[in-house]
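S.K.: Following the hints, put chain R in place on chain V, whose structure we already have.
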Amino acid sequence: MTSLSFDDFLLVLRIAMTVVLYLFILQVVLVARRDLHVAPVTPLPGAANRIIGHLVVVDSGKSPLTPGARIDIVSPMTFGRSPTNTVVLESPVVSTENSRIYFQNRSLWVEDLKSRNGTYLNERPVVAAVAVRPGDILRIGDVRLKFAV
Amino acid sequence: MVTSFRNLVNIRRYRWPEFFSLILPSIFIVLGMLQLTLVENNKNAANQIATVSTNSLPPLLSLGPNLLLIVALFATHIVLSWMIPDADQTLLPVTGMLSAMGVLMATRLGPYLPTPAPTLGYHQLLWVLLALGCMLATVWLTRDMRWLRLYKYTWALAGLGLVALTLVHALSIHDFNSPTHDQLNIGLFDFTFQPSELLKICLVIFYAAYLAENREMLSQAGTKIGPLYFPPLKQMMPLIILLIVSLLMFVVLRELGLALLIFGIFVAMIYLASGRLAYVGYSLGGFAIGALIAYKLFGYVQDRVSVVANAFEPGVATSTGFQVVQGLIALGSGGIIGQGFDLGHPTFVPAVHTDFVAAAIGEEFGMAGLFAILAIFMLLVYRAFRIAIRGRDTFQQLLAGGIGSVFAIQTLVILAGNLKIMPLTGIPLPFITYGGSSVIANFIMIGLLLRLSAPES
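Quick mapping for you: the protein sequence lines, in order, are chains V and R.
Sequential numbering from -17 applies to the first sequence in the numbering used here.
Sequential numbering from 6 applies to the second sequence in the numbering used here.
So that you can see chain V by itself, here it is in the shape it has in the complex (with noise of 0.2 Å):
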């Protein structure tokens, strides 16, 4: 049997109740840890497979869409002023049907649709299908478009 005199043992206690509040914060932390490493989002079931990302319009042109809106993108979807199109935009510079992207091998492309006056990829115009990367500046007519995971 142990015997401490009554402050050394005053002193183990605080000294233990010190260490406890910090062993809790250090287990706090590696608990909080662990999710890090987990997907950051549980997907809908359905949904997940078919949003690929969004296109964050960046300048609406003389469409009504609002700058800063987000889009999410399904694929395939169409571009263009008549309202047959995934995303319809009202601009007079926009063809009936304009663009269109669609997802294929595990990347996004876009093509244009023949239109009068095109679709561009960074301000280059988009002749054959052509992937889109992340950050990708797409311009439908005069709608500009930026693509966001």
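These aren't lab readings, by the way, just hints derived from the structure by calculation.
All figures in this text were calculated on a predicted structure; none of them were measured in a lab.
The C-beta atom is built at its ideal place from N, Cα and C for all residues, glycine as well.
Careful: at least some of the hints might be erroneous.
As the list claims (entries may be wrong) - 30 Å max Cα-Cα, derived DSSO-like pairs, lysine-lysine:
| no. | chain 1 | residue 1 | chain 2 | residue 2 |
| --- | --- | --- | --- | --- |
| 1 | R | LYS425 | R | LYS301 |
| 2 | R | LYS229 | V | LYS128 |
| 3 | V | LYS44 | R | LYS229 |
| 4 | R | LYS239 | R | LYS229 |
| 5 | V | LYS128 | V | LYS96 |
| 6 | V | LYS44 | V | LYS128 |
| 7 | R | LYS239 | V | LYS44 |
| 8 | R | LYS239 | R | LYS157 |
| 9 | V | LYS96 | V | LYS44 |
Stated by the list, open to error - Facing chain R, from chain V, some residues (calculated, C-beta under 10 Å):
| no. | residue |
| --- | --- |
| 10 | LEU(-14) |
| 11 | SER(-13) |
| 12 | PHE(-12) |
| 13 | PHE(-9) |
| 14 | LEU(-7) |
| 15 | LEU(-5) |
| 16 | ARG(-4) |
| 17 | ALA(-2) |
| 18 | LEU5 |
| 19 | PHE6 |
| 20 | LEU12 |
| 21 | ASP17 |
| 22 | LEU90 |
| 23 | GLU93 |
| 24 | LEU95 |
| 25 | SER97 |
M.R.: Leaving out everything else, chain R in the frame of chain V:
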């Protein structure tokens, strides 16, 4: 038996990390109560003991009712495992540790206050138990969160109505010199209730709902003249009116800390929603003008500011600056590892169990203990913002971010006041300060965070 337990809680999704994280707070409570029991025994000359051996230690169950807190924390943990197994697992241990500190402090300080209150610890314990119940109720009621968002103006009006009641109460008794006006005495059990604690929650919900709806307008619309950005006034109006009305009420009630808190919530949430520093700039400008006007108009504002500047001047340290100076002396006498729990003399500080609980912690647990408590608050705020980042929609993100801001601002304002960095304002240190309304309101916000952190079922 085993199968029924399996049915109750899904074993695979059992909240083990939370379970293990509750062990150290429990040890902390046991150690604290052991120290308290031993020291209190030794203060009585007849019972003094010189040496401590393993069989002279008091038995575990004689350590007092505070051990109930351990039971309550584990019970809450089990209910959470059954109710929302996927919710954040650090919130309950973190708040458990903070409230353990609060209950221990209330138990220790109560009998030594200028007006002794030996039951202070029991009261705080009961409040925490009740608050844990409120937290679970909040988690249950917010299964579907839409009602929070739909009734946003109701929340705003309810919050303001509550504070207006206190205003009427304060005006009717014509007593503007008592330290705290923001109280309503309700007949039952001599119960004092602070409506501002509920106002806090109401405002965060309102701001989150309103800003979620008008976020696009606030971040995109507005006019730009040169480098200056002017926000769209039409969308700003409800926010500004609410802000000004609540600020005015608190300035009249002399609750500067609450005014600051509400202003802080406003700035933090509008910045979270719009991402525009311009709002912060305008708000700070408005704050500077408002503070200047309040300083010119109200004597008590001048007093508090002058305390920060000359607390140690001869005439001040014994009168208006007495509390702050005593608090600093308490902190200083704590040193690095403190005097030891129940071995200091924090009760020299007036209102040590409410305004100056941080000074009491600093004296008895030292700088090491106070820093640990601060780190735990930082973890709490970190978790809240992490939940905000992972929120499902703008409303939920803003709600979690707003709640995180409330905890952060409150801790900052009261600690800065205690350390004489800022004028002292009586505002509770979340979870630790003695007081029922505050503990309950804080746990309701934790309930909201728990719900926000769980994926939708």
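S.K.: State for each hint whether it applies.
M.R.: Tested hints:
| no. | hint | in the structure |
| --- | --- | --- |
| 1 | R:LYS425 x R:LYS301 | holds (21 Å) |
| 2 | R:LYS229 x V:LYS128 | holds (23 Å) |
| 3 | V:LYS44 x R:LYS229 | holds (20 Å) |
| 4 | R:LYS239 x R:LYS229 | holds (16 Å) |
| 5 | V:LYS128 x V:LYS96 | holds (21 Å) |
| 6 | V:LYS44 x V:LYS128 | holds (17 Å) |
| 7 | R:LYS239 x V:LYS44 | holds (24 Å) |
| 8 | R:LYS239 x R:LYS157 | holds (18 Å) |
| 9 | V:LYS96 x V:LYS44 | holds (21 Å) |
| 10 | LEU(-14) | holds (5 Å) |
| 11 | SER(-13) | holds (5 Å) |
| 12 | PHE(-12) | holds (6 Å) |
| 13 | PHE(-9) | holds (4 Å) |
| 14 | LEU(-7) | holds (7 Å) |
| 15 | LEU(-5) | holds (5 Å) |
| 16 | ARG(-4) | holds (4 Å) |
| 17 | ALA(-2) | holds (6 Å) |
| 18 | LEU5 | holds (6 Å) |
| 19 | PHE6 | holds (4 Å) |
| 20 | LEU12 | holds (9 Å) |
| 21 | ASP17 | holds (8 Å) |
| 22 | LEU90 | violated (25 Å) |
| 23 | GLU93 | violated (30 Å) |
| 24 | LEU95 | violated (30 Å) |
| 25 | SER97 | violated (28 Å) |
When the structure is compared with the earlier hints, violations turn up for hints 22, 23, 24, 25 and for no others.
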